[in-house]
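When you get a sec, could you build the whole thing from the sequences and use the hints?
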Amino acid sequence: MPPGISASDFYNILPELVLTSGALVVLIVDVLLPKERRGALAWVTLLAIGATLASLVPFRSTHVEVAQGLLAVDQFALFFKVVFLVAAAITVLMSVRYLEIEGASPGEYYFLILCATLGMMIMAGGIDLITIFIGLETMAVSFYILAGFIKPSHRSNEAAVKYFLLGAFSLGILLYGMSLMYGLSGTTNLRVMAAAFAGQETDARLVLAVILVVAGVGFKIAAVPFHMWAPDVYEGAPTPITAFLSVGSKAASFAMLIRIFLEGLPSMGHDWRLLFEALAIITMTVGNIAALTQSNVKRMLAYSSIAHAGYVLIGIVAGTSRGITATLVYLFIYAFMQLGAFAVIVGLRRADVAGEELKDFGGLHARNPFAAFAMLLFMLSLGGIPPTAGFMGKFWLFSAAIDAHYNWLAVIGVLNSAVSLYYYVRIVVFMYVKKEALGSEPATSPTLAVVLGVAVAATLVLGVYPRLLFELADASARTLGAAGVTTSLR
Amino acid sequence: MTREWIHPGLLLIAGAWILPFCKGRTKRAVMILLPAAALVECVVMQPGTYGVVRLLGQEVIFGRVDRLALVFSYVFALVALIGMVYSLHVNDDAQHVAALTYAGAALGAVFAGDFLSLFLFWELMALSAAILVLLRRRPAAVAAGFRYVLVHIFGGLCLLAGIVLHWSHTGSLRFGDLSPYAGSAAFTLILIAFLVNAAVPPLGAWLPDAYPEATATGAVFLTAFTTKSAVYALIRGFAGTEILVWWGAAMAVYGVVYAVLENDARRLLAYHIISQVGYMICGVGLGTELALNGATAHAFAHILYKALLFMGAGAVLQVTGLRKLSDMGGLYKMMPRTLSLYMVGAFAISAVPLFSGFVTKSMVVSAAGESHRAAIYLLLTLASSGTFLHTGLKLPYYMFFGRDRGLRAEEPPRNMLVAMGLAAVACVVIGVVPVVLYSQLPYRVDYIPFTVRHVTATLGLLGFTALGFFLLLKQLDPEPVVSLDTDWFYRRGGTAVQNFAQGALARLEGSVSRLSDVVMQRFVLGVGAQLRDIDLRGVDAMMVGIGRLTEEVSCDLTLAMSGHVQRYALIMAAGILAGVALAVFGL
Amino acid sequence: MLSPYIPIAIFVVVATGFALFTLVFSGLLHPEKYNKVKLEPYECGIEPLTDARDRYSIRYYLVAMLFVIFDVETVFMFPWAVIFDKLLLFGLIEMLVFIFILVVGYYYAWQKGALEWV
Numbered sequence: 001m002p003p004g005i006s007a008s009d010f011y012n013i014l015p016e017l018v019l020t021s022g023a024l025v026v027l028i029v030d031v032l033l034p035k036e037r038r039g040a041l042a043w044v045t046l047l048a049i050g051a052t053l054a055s056l057v058p059f060r061s062t063h064v065e066v067a068q069g070l071l072a073v074d075q076f077a078l079f080f081k082v083v084f085l086v087a088a089a090i091t092v093l094m095s096v097r098y099l100e101i102e103g104a105s106p107g108e109y110y111f112l113i114l115c116a117t118l119g120m121m122i123m124a125g126g127i128d129l130i131t132i133f134i135g136l137e138t139m140a141v142s143f144y145i146l147a148g149f150i151k152p153s154h155r156s157n158e159a160a161v162k163y164f165l166l167g168a169f170s171l172g173i174l175l176y177g178m179s180l181m182y183g184l185s186g187t188t189n190l191r192v193m194a195a196a197f198a199g200q201e202t203d204a205r206l207v208l209a210v211i212l213v214v215a216g217v218g219f220k221i222a223a224v225p226f227h228m229w230a231p232d233v234y235e236g237a238p239t240p241i242t243a244f245l246s247v248g249s250k251a252a253s254f255a256m257l258i259r260i261f262l263e264g265l266p267s268m269g270h271d272w273r274l275l276f277e278a279l280a281i282i283t284m285t286v287g288n289i290a291a292l293t294q295s296n297v298k299r300m301l302a303y304s305s306i307a308h309a310g311y312v313l314i315g316i317v318a319g320t321s322r323g324i325t326a327t328l329v330y331l332f333i334y335a336f337m338q339l340g341a342f343a344v345i346v347g348l349r350r351a352d353v354a355g356e357e358l359k360d361f362g363g364l365h366a367r368n369p370f371a372a373f374a375m376l377l378f379m380l381s382l383g384g385i386p387p388t389a390g391f392m393g394k395f396w397l398f399s400a401a402i403d404a405h406y407n408w409l410a411v412i413g414v415l416n417s418a419v420s421l422y423y424y425v426r427i428v429v430f431m432y433v434k435k436e437a438l439g440s441e442p443a444t445s446p447t448l449a450v451v452l453g454v455a456v457a458a459t460l461v462l463g464v465y466p467r468l469l470f471e472l473a474d475a476s477a478r479t480l481g482a483a484g485v486t487t488s489l490r
Numbered sequence: 001m002t003r004e005w006i007h008p009g010l011l012l013i014a015g016a017w018i019l020p021f022c023k024g025r026t027k028r029a030v031m032i033l034l035p036a037a038a039l040v041e042c043v044v045m046q047p048g049t050y051g052v053v054r055l056l057g058q059e060v061i062f063g064r065v066d067r068l069a070l071v072f073s074y075v076f077a078l079v080a081l082i083g084m085v086y087s088l089h090v091n092d093d094a095q096h097v098a099a100l101t102y103a104g105a106a107l108g109a110v111f112a113g114d115f116l117s118l119f120l121f122w123e124l125m126a127l128s129a130a131i132l133v134l135l136r137r138r139p140a141a142v143a144a145g146f147r148y149v150l151v152h153i154f155g156g157l158c159l160l161a162g163i164v165l166h167w168s169h170t171g172s173l174r175f176g177d178l179s180p181y182a183g184s185a186a187f188t189l190i191l192i193a194f195l196v197n198a199a200v201p202p203l204g205a206w207l208p209d210a211y212p213e214a215t216a217t218g219a220v221f222l223t224a225f226t227t228k229s230a231v232y233a234l235i236r237g238f239a240g241t242e243i244l245v246w247w248g249a250a251m252a253v254y255g256v257v258y259a260v261l262e263n264d265a266r267r268l269l270a271y272h273i274i275s276q277v278g279y280m281i282c283g284v285g286l287g288t289e290l291a292l293n294g295a296t297a298h299a300f301a302h303i304l305y306k307a308l309l310f311m312g313a314g315a316v317l318q319v320t321g322l323r324k325l326s327d328m329g330g331l332y333k334m335m336p337r338t339l340s341l342y343m344v345g346a347f348a349i350s351a352v353p354l355f356s357g358f359v360t361k362s363m364v365v366s367a368a369g370e371s372h373r374a375a376i377y378l379l380l381t382l383a384s385s386g387t388f389l390h391t392g393l394k395l396p397y398y399m400f401f402g403r404d405r406g407l408r409a410e411e412p413p414r415n416m417l418v419a420m421g422l423a424a425v426a427c428v429v430i431g432v433v434p435v436v437l438y439s440q441l442p443y444r445v446d447y448i449p450f451t452v453r454h455v456t457a458t459l460g461l462l463g464f465t466a467l468g469f470f471l472l473l474k475q476l477d478p479e480p481v482v483s484l485d486t487d488w489f490y491r492r493g494g495t496a497v498q499n500f501a502q503g504a505l506a507r508l509e510g511s512v513s514r515l516s517d518v519v520m521q522r523f524v525l526g527v528g529a530q531l532r533d534i535d536l537r538g539v540d541a542m543m544v545g546i547g548r549l550t551e552e553v554s555c556d557l558t559l560a561m562s563g564h565v566q567r568y569a570l571i572m573a574a575g576i577l578a579g580v581a582l583a584v585f586g587l
Numbered sequence: 001m002l003s004p005y006i007p008i009a010i011f012v013v014v015a016t017g018f019a020l021f022t023l024v025f026s027g028l029l030h031p032e033k034y035n036k037v038k039l040e041p042y043e044c045g046i047e048p049l050t051d052a053r054d055r056y057s058i059r060y061y062l063v064a065m066l067f068v069i070f071d072v073e074t075v076f077m078f079p080w081a082v083i084f085d086k087l088l089l090f091g092l093i094e095m096l097v098f099i100f101i102l103v104v105g106y107y108y109a110w111q112k113g114a115l116e117w118v
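Protein chains in written order, with the working numbering: chain S, 1 to 490; chain U, 1 to 587; chain B, 1 to 118.
Think of the hints as simulated: they come from the structure by calculation, not from any bench. Wrong hints could be hidden among the right ones.
[What the hints assert, rightly or not] A few chain B residues facing chain S, derived, Cβ under 8 Å:
1) Ser3
2) Lys86
3) Phe90
4) Ile101
5) Leu102
6) Val104
7) Tyr107
8) Tyr108
[Claimed, not checked] Derived coverage of chain U by chain S (criterion: at least 3 residues anywhere in the stretch with Cβ under 8 Å from a Cβ of chain S; other residues may be distant):
9) 116-123
10) 551-565
11) 574-582
[Said to hold, decoys possible] Far from chain S by the CB rule (all over 10 Å, computed), these chain B residues:
12) Leu2
13) Ile8
14) Phe18
15) Ala19
16) Arg55
17) Leu66
18) Phe67
19) Ala81
20) Leu87
21) Leu115
Quick caveat: nothing in here was measured; it's all calculated off a predicted structure. By construction, the Cβ of each residue, glycine as well, lies at the ideal position given by its N, Cα and C atoms.
Quick look at the structure:
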């Protein structure tokens, strides 16, 4: 073995290796399978995801660095990897019938989903700037292609091109910031960088680097004013991809954010905390207000997703271990609510109707009471009404903010929750009260029912008994601190 | 938890969901059994603390059972039972589920020992009540229900904000007396939230908005729970808060004044709820043992007689389809039983001796007198007079007597009459044997309602009010104006009135009516119209204005998404520059 | 003194010789069938002088894409070639894995018809 690499390194990246092999298998199987049996691809993909989840189990309490500081395999990364894999599995289940209606070829689709998941996993584990960048690029490029997957649809093409152009632009900004960080510290490893920056807070170049990295990361989490791509891309991309994007990409970007800022730049704390505070306030407000007058539900959920990024930023601004715990918990809960809501939209898709306008929800209660109830639950959860999981998540976030003496942030968060309830309840009203909209056979299928069931169960259970999740998230947040980084109050 | 204890509220909520799966007889049996079981459970319950769960490092107490909670739980369970009997004939499962959930949530709120469970049940109450309003399925009801949701979500968020602030300051979530924290932000926020639910003006416009729009059977449930659980919460947490005394007295008069202008029967009753709750809030503010007992007792009695009144109005609505007083009249021939049961409720609300209102309302008024608050005493008495005028006299007169319009009507279904009968019996029992209620009150009761002084004072008040009514009959007409047949009084009224009316009064009537033109028309009605104007133009317009502004901002934001990628990139670059500026000037 | 440059000199000679050899030899051996078209410069089968607004086949783009990918793969193999002796077996297996992943992609592209010219 050459110096710097050992056999245990390969063992530690077992999940990533399994996922890669799974992706390649999917690609090969797609070529070998005859056209009629294409449906089996979804199950192969699920098998790959399941195998990866299984391979995560031996690493429950590992806390190592791979290849002397490229990747970290610790509980924080594990938590996020579980989120990504579960989100990917749910997306695959959602896509089965959707792809049939759209007439898109499933082979590359599932492969790209697995690639995106792989990129996310690398982002969550990376503690070196280059590694994070590689993971980011992998995920981003996969999503560029996936966003434009429905080739006959103009909106899909537009979404892909816009996402690609703006993504490349912001990636450039991020890279510039990262290169400044490298130049000023002499290393790309975040932990070594933290030690190198321990004393120099007031270097103007470092402040510039922080701003640029905030901008680049802000793009990925769709924070205002870097959110402009989100509504167009969310609306145009295929609905399961939108779901995966809003959940997985966002969670991965937050993981990246926490790694870079809490592990790599803790000494610049008051700089980036201030920036994120401003970002959080503007993001929440703009996201919620802009969503009020949307008639396209996917676009509305895009704005709501932007607003939720604002809420999660509150937890990061708080910066205490409680704040980071709240962030992790909320991202987990958010995954289920968001995926569930989009699953219902997927269910409304029919051969002739896109199923994403508000009026398509009319009378859903009469047509499919289970889906209507599920959507009701997700809307209430997104709005933060007890006894759903969304309420627990928001409650924990806001109390973490108050705990860290950011009272105003919490107040603005609560007000924004109130405002957001308007457009969430509007959908509920449409479903239960308005008359039925006519159309052909909807895209409900057993797999979609499974998705809805899982999401509903998670939303209800986590709203009533979130203790397990809290403890897991807490342990994960603490591994961040145990790396020698302080996550204390301002 | 040491003993077996089933939360009666959870019993109702869980049981509600079984209902859609039953059919026919079973369903009706379940509908009656559930609240009956809850009532039995409440009655046999012993004081103590049950259902403690540890969550987030705090104790969440689902069953704080003491005398105050118990007395409220009795009446909630009882009215839930009465309401279910009343709605046996309704075929809409959703309404039953919503009503039972609502009742269960109210029970949950009453037994909540800490803020978290209180909040949980608070929100559940708001939600299920809104659904109950919505289930009338008419455009006006849908709009009203939506507004209900929004107002109560606002109240819920105030509550949540107050809870979180309280938690961060004190570290404890126990729901108890909050007066040590008077003046703090948490205190104010929680108070506002409770006042929203208690329909205190100016936060209470939702009540007369939503209650008349619900179904005949749904409204019975609505009147009972939201406002009274708010009263319970106020008794628990804000006893003795000075501002509530004045606010409550003002509220009592406010409700009566607004009812003057009302033509819709159930809306008039809804304004009366505001008036009666004003008494209770006044009692909470006074804070003495007698006052708190009075508030509790009045809440108990009020739930029952208000339910009875709404049941009566709902029966008329059900049978004739009418809701406006100007369209009704002459129903006494065809609905005598409804009328008599309704009158029991009307007497109860007017505090006629031997009915429940007499023994309870007077406790609050006496408490005001005992504390030497003359102004409050007078305001409350004025409101009593107004109450009798409208609910005891005007409403039944115009609904059942008045001009005979040849309406076709019949007695409502038997279950409705049975339910009304149950409530009427309760009103009378409490009125005749007040010790049945007094023994359940939280503090020891030394009060004796049946003193000579008290009875004669009340009868005098009622008598002169009735006199005023009959004198000013024409001015009290609901629009459109209708000429009334006063023969009825000569034939049916008391002998004294009969003799009086035949004599000099007939001549006096003419001159007095001209006098009252000045007094009533210009002064009282004018003031009422002014107040309504302020409400409409000031308060409502402000809300509408804020809503419009938000909508405009939202549209502008949407238009900012031009679709041009170059503009997006420019905005991102501008964001970075803003970040630089922030970093430079913000440090 | 000039000995390190000998391989380069050989290289130059071989390259020039190869070019000259093919030209001369084909010139000696070709059949004499004159066609105006044969004298036109070769442009992958399309006409060299056309209107600038002509449409190009999308397959050029596909082939160019695939070329770029495999070219970058080759670029990654250069450093390996340099320290081949230090990385030994480990390096070989690593590179084989890398090449294998790309071969899977190549296989996929092949089977899906991306390399079809017609």
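Interface hint status, leucine 102(B) versus chain S (Cβ within 8 Å): Nearest chain S Cβ about 11 Å off; hint violated.
Chain S contact restraint on serine 3(B) - CB to CB distance below 8 Å: violated, 33 Å
Coverage assertion for the segment 551-565 of chain U with respect to chain S, Cβ distance below 8 Å, three residues required: Satisfied; 9 residues make the cut.
Leucine 87(B) remote from chain S - nearest C-beta pair above 10 Å: The assertion about leucine 87(B) is violated, with a minimum of 6 Å to chain S.
Hint check, phenylalanine 90(B) versus chain S [nearest Cβ-Cβ separation less than 8 Å]: holds, 6 Å
10 Å Cβ clearance of alanine 19(B) from chain S: At roughly 41 Å from the nearest Cβ of chain S, alanine 19(B) sits farther out than 10 Å, so the non-interface label holds.
Least C-beta distance from isoleucine 8(B) to chain S larger than 10 Å: Per Cβ check, isoleucine 8(B) is outside 10 Å of chain S; nearest 32 Å; holds.
Outside-interface status for arginine 55(B) - nearest CB in chain S farther than 10 Å: holds, 19 Å
Interface hint compliance - tyrosine 107(B) to chain S, C-beta minimum distance less than 8 Å: holds, 7 Å
10 Å cut-off, C-beta based - leucine 2(B) kept clear of every residue in chain S: Per Cβ check, leucine 2(B) is outside 10 Å of chain S; nearest 37 Å; holds.
Distance rule for alanine 81(B), whose beta carbon must clear each one in chain S by more than 10 Å: holds, 16 Å
Agreement of hint valine 104(B) with chain S interface, Cβ distance less than 8 Å: holds, 5 Å
The structure does not agree with the numbered hints 1, 5 and 20 stated previously, though it agrees with the rest.
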